[in-house]
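Number of protein chains: 2
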Amino acid sequence: MLSKNKIKFIQSLSRKKNREQEAVFLVEGNKLVAEAVASRFSVKLIAGTAGFLVDNQFSARAADEVIECSQDELKKASLLKSPQQALAVVEIRTHQLTIAQLTDEFSLALDFVQDPGNLGTIIRIADWFGIKQVLCSENSVDCYNPKVIQASMGAIFRVQVHYLDLEKLASEAHQSQLPVYGTFMDGENIYSSNLSAHGILVMGNEGNGISPALADKIPHKIHIPSFARDNGRSESLNVATATAICCSEFKRRIF
Amino acid sequence: MLSKNKIKFIQSLSRKKNREQEAVFLVEGNKLVAEAVASRFSVKLIAGTAGFLVDNQFSARAADEVIECSQDELKKASLLKSPQQALAVVEIRTHQLTIAQLTDEFSLALDFVQDPGNLGTIIRIADWFGIKQVLCSENSVDCYNPKVIQASMGAIFRVQVHYLDLEKLASEAHQSQLPVYGTFMDGENIYSSNLSAHGILVMGNEGNGISPALADKIPHKIHIPSFARDNGRSESLNVATATAICCSEFKRRIF
Chain Y
1 MLSKNKIKFI QSLSRKKNRE QEAVFLVEGN KLVAEAVASR FSVKLIAGTA GFLVDNQFSA
61 RAADEVIECS QDELKKASLL KSPQQALAVV EIRTHQLTIA QLTDEFSLAL DFVQDPGNLG
121 TIIRIADWFG IKQVLCSENS VDCYNPKVIQ ASMGAIFRVQ VHYLDLEKLA SEAHQSQLPV
181 YGTFMDGENI YSSNLSAHGI LVMGNEGNGI SPALADKIPH KIHIPSFARD NGRSESLNVA
241 TATAICCSEF KRRIF
Chain F
1 MLSKNKIKFI QSLSRKKNRE QEAVFLVEGN KLVAEAVASR FSVKLIAGTA GFLVDNQFSA
61 RAADEVIECS QDELKKASLL KSPQQALAVV EIRTHQLTIA QLTDEFSLAL DFVQDPGNLG
121 TIIRIADWFG IKQVLCSENS VDCYNPKVIQ ASMGAIFRVQ VHYLDLEKLA SEAHQSQLPV
181 YGTFMDGENI YSSNLSAHGI LVMGNEGNGI SPALADKIPH KIHIPSFARD NGRSESLNVA
241 TATAICCSEF KRRIF
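Read top to bottom, the protein sequences are chains Y and F. Each residue of the first sequence is one higher than the one before, counting from 1 in our numbering. Each residue of the second sequence is one higher than the one before, counting from 1 in our numbering.
Chain Y with its partners taken away, still in its complex shape (with noise of 0.2 Å):
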């Protein structure tokens, strides 16, 4: 049974403040939960229908507690409209990074990037194209966020994010003659752009796209050209699309 207290629990890691106080954040669904507990992440809680636990069997190990509950009580205790048999709570995990960790590596950068379903499609993109690190400046999204989590597919418990000063990891990439690049309205066309094969990838606000601070660090802008035939018109691509459509192109070149 999941008690009052700890439905509130549950229900409170909604919110950043209260998932930093307590280290922890949560993942909904059944595929989910058994990716967390596959992960490499601490599971803190597992909270269940009898069927979903019977299905997974996890070991004494997999969480610190395992509670068996009713469909109402997860209910309850969900952020989500439609919640399925499971959720858990899951220890946050923080990383180290130094630039030596990206010299050999391609990796994305993300500069203000708001909306939690961007971010979370994002990480899954970055997993699809084996990218180990996300890196996102101090304002973006927190990628902890139970929406952001959803929308990763499971691909948060692979992808490591880090949140820095994206001004100084330029600079810093500069002096290790590590390429950065951008993507620019006035960016040369990425098709017919050299692309190398480890590097930094910065990608921009929804609204704004990149920061000129951090635009000025950025040697490299590149820009994926629109086909529409009437180029008057105010076509734009979501930027997990345009960072879809970036990393294809990176990536492609060096299989």
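Among the hints, a few may not be true.
Where chains are identical, the list cannot tell them apart; a pair therefore holds if satisfied intra-copy or between any two copies.
Claimed, not checked - Straight-line distance between alpha carbons at most 20 Å, and here's what the computed SDA-like set of lysine to any residue pairs gives:
#1 Lys168 x Glu68
#2 Lys251 x Ala228
#3 Lys251 x His223
#4 Lys221 x Arg158
#5 Lys6 x Gln175
#6 Lys217 x Gly117
#7 Lys168 x Thr98
#8 Lys251 x Pro225
#9 Lys4 x Ala77
#10 Lys132 x Ser226
#11 Lys251 x Arg229
#12 Lys8 x Leu178
#13 Lys8 x Gln85
#14 Lys132 x Ala215
#15 Lys132 x Ser236
#16 Lys31 x Phe58
#17 Lys44 x Glu68
#18 Lys76 x Ser3
#19 Lys147 x Ser236
#20 Lys147 x Gly117
#21 Lys251 x Leu195
Honestly, the hints are just simulated from the structure, not real lab data.
Put chain F on the given structure of chain Y with help from the hints.
Positioned in the frame of chain Y, the structure of chain F alone reads:
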């Protein structure tokens, strides 16, 4: 002022049955309303705050009816959590389609895409890549669903969306020697495939991909390879993300 009846009517457009009966759909947000007015679509009603109407100065022909209303009335009529300063009721356009219209084009077909956000994002991607026609199976989500309209970011006014029998379409395309491509787990690597400038690309349902009956009629099976190092993991791409990557790959070759 927005009367109670008008508010009730506007809200009723959340349902497909009502949209079809009245042959209209709902458009919300300042930018989208302005795009509706500038489009070829016939606007039946604009409801906006005094500020919005002053800023936009629509001509008398912009809409059959323009109503100045309060933010409070807009909030009552709106289907959004945080409505902006305007909404519009716009007439549904039905487009004729023959296979001849497709033979010199690259078009998208969607087999049972269910999520409105995905369809809206795909319409926006089509717009970006200059794709005129999106061909949906009859069981796909309705393109005039308000969530599709929001996610399309105005692209719904430029891209034609059709609902039809995709198996029949695939047969007709075959007779017209128009190549039909589809994405499959066991398809050929898209990066090394021969892709033509004209044709139809079929994308499948979020959970189940392309239905077996339709798959039988798709001669060119392609696949976006994962770059993740550990292939045993359950990475996947969202259908809108996969569509963006495929469109980029088809289009860049003819750039």
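Comparing the hints with the structure gives:
1. Lys168 x Glu68: Neither: 48 Å inside a chain and 50 Å across chains, both beyond 20 Å.
2. Lys251 x Ala228: between (25 Å within a copy, 11 Å between copies)
3. Lys251 x His223: both (16 Å within a copy, 15 Å between copies)
4. Lys221 x Arg158: neither (29 Å within a copy, 29 Å between copies)
5. Lys6 x Gln175: neither (49 Å within a copy, 63 Å between copies)
6. Lys217 x Gly117: Classified as neither: same-chain Cα gap 28 Å, cross-chain 35 Å, threshold 20 Å.
7. Lys168 x Thr98: within (12 Å within a copy, 56 Å between copies)
8. Lys251 x Pro225: Both: 18 Å inside a chain and 10 Å across chains, each within 20 Å.
9. Lys4 x Ala77: within (9 Å within a copy, 37 Å between copies)
10. Lys132 x Ser226: between (29 Å within a copy, 14 Å between copies)
11. Lys251 x Arg229: Answer is between: at 13 Å across copies they meet the 20 Å cutoff, but 28 Å inside does not.
12. Lys8 x Leu178: So Lys8 and Leu178 fail the 20 Å test inside a copy (47 Å) and across (58 Å) alike.
13. Lys8 x Gln85: within (18 Å within a copy, 36 Å between copies)
14. Lys132 x Ala215: neither (23 Å within a copy, 34 Å between copies)
15. Lys132 x Ser236: between (28 Å within a copy, 16 Å between copies)
16. Lys31 x Phe58: Within one copy only: 13 Å inside, 51 Å across.
17. Lys44 x Glu68: within (14 Å within a copy, 54 Å between copies)
18. Lys76 x Ser3: Within one copy, since 11 Å is at most 20 Å while 37 Å is not.
19. Lys147 x Ser236: between (23 Å within a copy, 18 Å between copies)
20. Lys147 x Gly117: Both. Shortest intra-copy (6 Å) and inter-copy (15 Å) distances satisfy the 20 Å Cα cut-off.
21. Lys251 x Leu195: For Lys251 and Leu195, the Cα distance is within 20 Å both inside one copy (9 Å) and across copies (18 Å).
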